[in-house]
Amino acid sequence: GSYEYWYVEQDYDRYNQSGVKETEGTIDGDMHGGNIMLGYDNWTVQFSYREGDFDATQRWLSYSVDTKTSEEQEEYEITLRYLMRDLGSRHFVPYIIAGYNATDMKATQTITTSGWVWTRNNTTTIWDKYEYKAYLLGVGAIMPFNKYIGIRGDIRGGYGKTERQLDTGTRYTGDGGAFVGHLTGYWNVFKGLNLQVGGKYQYLDGGSTHIRDFAKGGLFAMFGYSYRF
5 GSYEYWYVEQ
15 DYDRYNQSGV
25 KETEGTIDGD
35 MHGGNIMLGY
45 DNWTVQFSYR
55 EGDFDATQRW
65 LSYSVDTKTS
75 EEQEEYEITL
85 RYLMRDLGSR
95 HFVPYIIAGY
105 NATDMKATQT
115 ITTSGWVWTR
125 NNTTTIWDKY
135 EYKAYLLGVG
145 AIMPFNKYIG
155 IRGDIRGGYG
165 KTERQLDTGT
175 RYTGDGGAFV
185 GHLTGYWNVF
195 KGLNLQVGGK
205 YQYLDGGSTH
215 IRDFAKGGLF
225 AMFGYSYRF
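Taking our numbering, the leading residue of the sequence shown gets 5, the next gets one more, and so forth.
Source of the hints: derived by calculation from the structure; they are not laboratory data.
All residues carry an ideal CB built from backbone N, CA and C; glycine is no exception.
Treat the hints with care, since some could be wrong.
[Claimed, not checked] Label pairs and their in silico Cβ distance ranges:
#1 Trp47 x Ser212: 46 to 52 Å
#2 Asn150 x Ser66: 21 to 27 Å
#3 Asn125 x Asp59: 30 to 36 Å
#4 His214 x Ser93: 21 to 27 Å
#5 Phe51 x Leu223: 21 to 27 Å
#6 Phe194 x Asp57: 30 to 36 Å
[What the hints assert, rightly or not] Keeping only pairs whose Cα atoms sit at most 35 Å apart, straight-line, the calculated DSBU-like set for lysine-lysine is:
#7 Lys204 x Lys137
#8 Lys110 x Lys151
#9 Lys220 x Lys204
#10 Lys204 x Lys110
#11 Lys137 x Lys25
#12 Lys25 x Lys204
#13 Lys151 x Lys204
#14 Lys25 x Lys72
#15 Lys137 x Lys220
#16 Lys110 x Lys220
Construct the entire structure; sequences and hints are all you get.
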């Protein structure tokens, strides 16, 4: 098992379906969660849960209007990994990995420039809920330098279904692709205690002109404990 923590601070620009930049801004926030892993022989199953809150400020370029966005994110993930030891070596063990990812997000946008309202509901605040469900398959490898430290990384691709719900009650659905890539350095500290530090990038296609794509990348740290039965 392990506990992980993310921190995000970066530019946050929005583009329309034609690739034209609509807004410029920044976003910051944090995300935390945990992982439970159970392995036997070459098989490992892992369940992960993460949740976080992010705040963004943006300027709409076509109207010179400023908005503030509050995003709540929740993510569930389950993966199954198989180590292909026969194809590897002492310092390189390839594996295949399959999984399911569900990411839910609620975005509340408030206009902070006086005299403006959203045409959707004629108020200064609107909200949208997004649901992304992705099925992924990929490959990776564990590269131990010695019994204490090493590197682990993989890439996964697949497809998913999406849904967007507006505060007016309108719903949109879509089908799109998905991609996840990550690279982690690990350190077996002492008697089952371990530390991992790495980076991860996740992309979920909205699959519709009415549903925005979801992309997230960053650095993370995990502190965990492994127990051998």
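Query raised in the report: Going through the earlier hints one by one, which of them does the structure break, listed in rising order?
Result: Of the numbered hints given earlier, those the structure breaks are 1, 2, 3, 4 and 8, listed in rising order.
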